[in-house]
Each structure stands twice: as structure tokens, then as C-alpha cells.
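*Asks:* Listed in order, the protein sequences are those of chains Y and F. Going left to right, the first sequence walks through residues 1 to 114 as our numbering numbers them. Going left to right, the second sequence walks through residues 115 to 224 as our numbering numbers them.
Keep in mind that the hints are not guaranteed to be accurate.
[As the list claims (entries may be wrong)] Below, a list of computed lysine-lysine pairs in the PhoX-like style, where the Cα atoms sit at most 25 Å apart: (1) Y:K109 to F:K123; (2) F:K133 to F:K123; (3) Y:K71 to F:K155; (4) F:K133 to F:K121; (5) F:K185 to F:K133; (6) F:K133 to F:K117; (7) F:K196 to F:K117; (8) F:K154 to Y:K109; (9) Y:K109 to F:K184.
[Unchecked claim] Which chain F residues face chain Y? A few, computed with CB under 8 Å, are given here: (10) L157; (11) S162; (12) F204; (13) F215.
Worth flagging that the hints you see were computed from the coordinates, not collected in a lab. Ideal Cβ positions, reconstructed from N, Cα and C, are used throughout, including at glycine.
For reference, the chains in residue letters:
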Amino acid sequence: GEQVEQRPPHLSVPEGDSAVIICTYTDSATAYFYWYKQEPGAGLQLLMSVFSNVDRKEEQGLTVLLNKKDKQLSLNLTAAHPGDSAVYFCAVSVGQGGSAKLIFGEGTKLTVSS
Amino acid sequence: DPKIIQKPKYLVAVTGSEKILICEQYLGHNAMYWYRQSAKKPLEFMFSYSYQKLMDNQTASSRFQPQSSKKNHLDLQITALKPDDSATYFCASSHRDTQYFGPGTRLLVL
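Please construct the entire structure, taking both the sequences and the accompanying hints into account.
*Replies:* Right, here's the structure in full:
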């Protein structure tokens, strides 16, 4: 079945720098991709969803790149600030509609120092 | 106002007991899910429901039983609790292919 690997597990950047998180997946038929943010003690906040016909998507300081050839999904936080400190998860959707399930990466703990 | 409510937020149980985790969503979604997050494993899918019908079950143990009494409810009953069941359980619901998550119930089994 689909597998998702995420790296790095930990990432520390100074305020104002960019942070890049990368996920690789195995199933070339995967159509939907997601990035979620989890703050301590909280649930998962959806950051961005990307369909497989999109190579690049930008929203509010976040850039998601999808490289279908290499089966790689990346999240770039430009000009990170301390409020971005959290655990970030990539996820891919397997199945459709009500039978879909998300396969998650292991998570990246991002620390942005001021 | 929170759109996906999970109750309780924290739960402590003794080994062998039974607990029910509550999930209600007010997003008007027809599909709901349960996921588990533990220290040992990344977020893992447990169940999916669509229009109150079980669509997928990836939980090996029958000790975990989802229950849907209303379209916007998907509770999770866990029987014969074990310490390994200690985890945070997340409920989610979806519109088309995008899933939105609740705040989670953190379960500790002693």
C-alpha cells in the first residue's frame, strides 16, 4: 500500500529564514495531497490541499511543490516566525470520497527562534 | 465556534475497562473518520464512515467499535482497554476529499 516518508524529523531555523519539509510517496496514482500543522496539545489544522494536476501552490507565505516524477511533495515556509513553531505533517489520500483515508508522514517538528 | 467537537478532552481509564469517545461535527459533512496518534506510531487511520455506513476498517482489534447514532455523530467505543491503547484519538470529517480534524481526545490507560 501507499507509504509516505517525511524529512527532516526536526528542523530549527532563525526567524526570517525559510524552512523546507519534504515528503516522498510511493503510489503514482495518488491524487490528493495535504499539509497539516499541529500545535502542542491541539488538533490538526489544514494548511493546504493540492490536487495532482497542480505543480505549485502558494498561500499566505506557504509554498507547496508537487514533483510527480520523483513522487515528492514539499512545503516551504518563507520568512518563518516563532508562531510557525509546530509539528507539520504531510498526508496523501488513498481511496475516494467517504472511503478515503489519509496516510500521514511521521511529522517534522519545526522550531523558529527569535 | 468549534465545528468538530470531541469529548472528553482527557480521559484516564484502568486496564480492562470500557470507554466511549464522543465526536460531533457541525460542518454538514457526510463522511467521518477516526485516527489515532501515539508516541510509537505516526497518525494512523482507523475507520471511515459515509452516510452512517462503515466504509473502511483498518483496526485489527474488534475492541474498537465505531457507533453512528446520527449523521453528524461518530463515537468510538473501546472495550477491554490496554495500556497500549494510550494515545490521542482524532475524529475527522470531510467534504469531498479534504478532511478536517477535531481537537482530539487524549486517552491514558493505567
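*Asks:* Check each numbered hint from earlier against the structure, then list the numbers of those it violates in ascending order.
*Replies:* 7 and 9
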